[in-house]
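Student: Each chain, letter by letter, is given below.
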Amino acid sequence: MTTETIGRPLAGTRGTTYGWTRVKPLLIHVALASAALVMLYPVIWMVVSSLRPGNEIFREPGILVRDLQISNYQAGWNALTEPFTRYLLNSAAVVFGAILGNLVSCSMAAYAFARLEFTGKRFWFAIMLVTIMLPIHVVIVPQYILFSQAGWINTFLPLVVPKLLATDAFFVFLMVQFIRGIPRELDEAARIDGCGKAGIFLRVILPLMVPALATTTIFTFIWTWNDFFSQLIYLTDPKMYTVPVALRSFVDSTASTNWGSMFAMSVVSLVPVFLAFLLGQRFLVKGIATTGIK
Amino acid sequence: MKKDNVAAYLFLAPWLTGLFVITVGPMLASLYLAFTDYNLIQAPEWIGFENFTRMLSDERLHNSLRVTFTYVLVSVPLQLALALLLAVVLDRGVRGMAFYRSIFYLPSLLGSSVAIAILWKQVFGTEGLLNQLLAQVGIEGKGWISDPSTALGTLVALNVWTFGAPMVIFLAGLRQIPAMYYEAAAVDGAGTWRRFRTITLPLLTPIIFFNLVLQIIHAFQSFTQAFVVSNGSGGPSDSTMFYTLYLYDRGFGNFDMGYASAMAWFLLIIIAVLTAMNFVASKYWVFYDD
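Chains as they are written, first to last, in numbering that gives the first Met the number 0: chain V, 0 to 293; chain F, 0 to 289.
Quick caveat, the hints were computed from the structure, so don't treat them as lab data. Every value quoted in this text rests on a predicted model; they were computed, and no experiment measured them. Idealized CB from N, CA, C, for every residue including glycine. Accuracy of the hints is not assured; some may be wrong.
[Unchecked claim] The calculated BS3-like cross-link candidates involving lysine-lysine, where the alpha carbons are at most 25 Å apart (straight line), are:
{"id": "1", "chain 1": "F", "residue 1": "Lys1", "chain 2": "V", "residue 2": "Lys196"}
{"id": "2", "chain 1": "F", "residue 1": "Lys2", "chain 2": "V", "residue 2": "Lys196"}
{"id": "3", "chain 1": "V", "residue 1": "Lys196", "chain 2": "V", "residue 2": "Lys120"}
{"id": "4", "chain 1": "V", "residue 1": "Lys120", "chain 2": "F", "residue 2": "Lys1"}
[Stated by the list, open to error] If you want a taste of the chain V side facing chain F, the calculated C-beta under 7 Å gives, among others:
{"id": "5", "residue": "Trp44"}
{"id": "6", "residue": "Met107"}
{"id": "7", "residue": "His136"}
{"id": "8", "residue": "Val138"}
{"id": "9", "residue": "Pro161"}
{"id": "10", "residue": "Ile221"}
{"id": "11", "residue": "Ile232"}
{"id": "12", "residue": "Trp258"}
{"id": "13", "residue": "Ala288"}
[Stated by the list, open to error] Sample of chain F residues lacking proximity to chain V, with all beta carbon distances greater than 12 Å (derived):
{"id": "14", "residue": "Glu44"}
{"id": "15", "residue": "Leu72"}
{"id": "16", "residue": "Pro76"}
{"id": "17", "residue": "Gly172"}
{"id": "18", "residue": "Val285"}
Isolated chain V (complex conformation) (with noise of 0.2 Å):
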């Protein structure tokens, strides 16, 4: 769970200029502790609450398990048409996609950003910029009706193929960011060695670019994970509802009255996250840092 510093050291210099030093890192470690506790409280408790019998889940406030059962899993894993496997399954397909999509699309355009000279860069530069600012309800409408003539209606096409596409042009900007540091050196020596400018891309940058590839999975891993706009409007079928789409008919379905199953699939939705959580942290917490992405 490390992160370098850039410049100074953490405990330092600083550290030992404020007062009263015994007392004050133990309070300070109590507020923190506490904070975090209150912030993840709900969360904890909808995990122990999912393990409950339902009509718990009104009465316990605490996190404390007794009666430990799992039939709410069982209950919210069938509940709806299809078995939850279905919409795990499509989600996915459509994060499989998205990752491909946006690693080979957004590296491509950012390493013409950011090493090769053509006419109109400035511009095209600025324009990726500004699109990364662009809400997507500026182009839902039209989106949505050609992908409806395009009769890509319940499929995962209108999903994926804009990733291929690099219209996440944060990643591309992330990427050029990265690419930036990486010494041009090594791609006059690779020339020199008579590789072309794909060859560099693919054997010298490419390469040395692995944690900003590591990053950009991550961030598209839960993004596209958690994404419930576009899925809701381009997925209508149960069959190919995606894991979100599914939760929201769930919470229509049962009208707020099951909470023991919506809470057990709520848990399974977000045991991916989590886990890319735990796996790419490194890569979250730079990621945001050099770029400001949420």
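Starting from the known structure of chain V, arrange chain F on it as the hints suggest.
Tutor: Relative to chain V, chain F alone:
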């Protein structure tokens, strides 16, 4: 320098294709649709500025703007203040800093998910976790989500809860402040608060500004949480009817695509104007150390 036009445009081909087919093309199309009446079945019918004049007299739209602005104006400052506070505390060389940072950052990753929206719906429900906890100390709660006066507040709380992302950016910014500034101030006998006010805060203003612009744009587009918490209705009594929710309702609930397009362009204008205003205002309070 020698140009690599052919190679560069080959590398840019996927991005350029996406730019024109997925972004610019649809933008132009939605600009055209904004001046039409279109229900997806019949051909779009040109109606000039009618969608925009309709927006002027659309009470629900005005309400959605009120709701959205309230949400942004309340939740973003709270979220950033909390992010800054925690970043400053963690930056002081707290043991286990990486651990706390991770814990505080986690909600940012979960916050936009349907699962957390479902959790929120329960926590702030009549028989929800919050009221159970309040009952322990003898306070009788209420249905926070079913009461129009508090429903939006629960969504504000959800957005504030995701302060971890701007916090990480603040932490990165704090790392850039040279330690010698603090050493010099300590030699001069400046206390904690004074050092924060005269060194940390001014040097951090570019980062504060960056976070502010980013979080405002982000908050304006909130959708999932309000949609799930209100079962897509924006209720109770339209109290959680975000602008984007109303846009979805018009476009994909009623297939009023022309009006939805006009609304989308209005949203873009609002965001662009607010961002521009932020940039203008930044000249007066953002301090660049060079």
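Student: Does each hint fit the structure? Answer for all of them.
Tutor: Here is what the structure says about each hint:
Only pairs whose Cα atoms come within 25 Å are accepted, and Lys1 of chain F paired with Lys196 of chain V is accepted, the gap being roughly 13 Å. Between the alpha carbons of Lys2 of chain F and Lys196 of chain V the distance comes to roughly 12 Å, so the proposed pair stays at or under 25 Å and holds. Between Lys196 of chain V and Lys120 of chain V the alpha-carbon distance is near 17 Å, which keeps this suggested pair within the 25 Å criterion. Pair hint Lys120 of chain V plus Lys1 of chain F holds up; C-alpha atoms about 13 Å apart against a cutoff of 25 Å.
A distance limit of 7 Å between C-beta atoms decides the matter here; for Trp44 of chain V the minimum to chain F is near 6 Å, and the interface restraint holds. Taking 7 Å as the C-beta cut-off, the interface hint given for Met107 of chain V holds, the closest approach to chain F being about 5 Å. For His136 of chain V, the interface hint holds, the least distance from its beta-carbon to any beta-carbon of chain F being 4 Å, beneath 7 Å. Among the interface hints, the one on Val138 of chain V holds; its C-beta lies about 4 Å from the nearest C-beta in chain F, closer than the 7 Å criterion.
The criterion of a C-beta within 7 Å of any C-beta in chain F is met by Pro161 of chain V, whose closest approach is roughly 5 Å, and the hint holds. A distance limit of 7 Å between C-beta atoms decides the matter here; for Ile221 of chain V the minimum to chain F is near 6 Å, and the interface restraint holds. Interface restraint check for Ile232 of chain V: the shortest CB-CB distance to chain F comes to about 6 Å, inside 7 Å, so the restraint holds. Here the hint on Trp258 of chain V is kept, as its CB sits about 6 Å from the closest CB of chain F, short of 7 Å.
Here the hint on Ala288 of chain V is kept, as its CB sits about 4 Å from the closest CB of chain F, short of 7 Å. Residue-level check passed: Glu44 of chain F sits 15 Å from the nearest beta carbon of chain V, beyond 12 Å. Against chain V, the non-interface label of Leu72 of chain F holds: every CB pair exceeds 12 Å, the least being about 18 Å. Against chain V, the non-interface label of Pro76 of chain F holds: every CB pair exceeds 12 Å, the least being about 17 Å.
Here Gly172 of chain F does not stay apart from chain V, with its beta-carbon only about 9 Å from theirs, under the 12 Å limit. Every beta carbon of chain V lies more than 12 Å from that of Val285 of chain F, the smallest distance being close to 15 Å; the non-interface claim holds.
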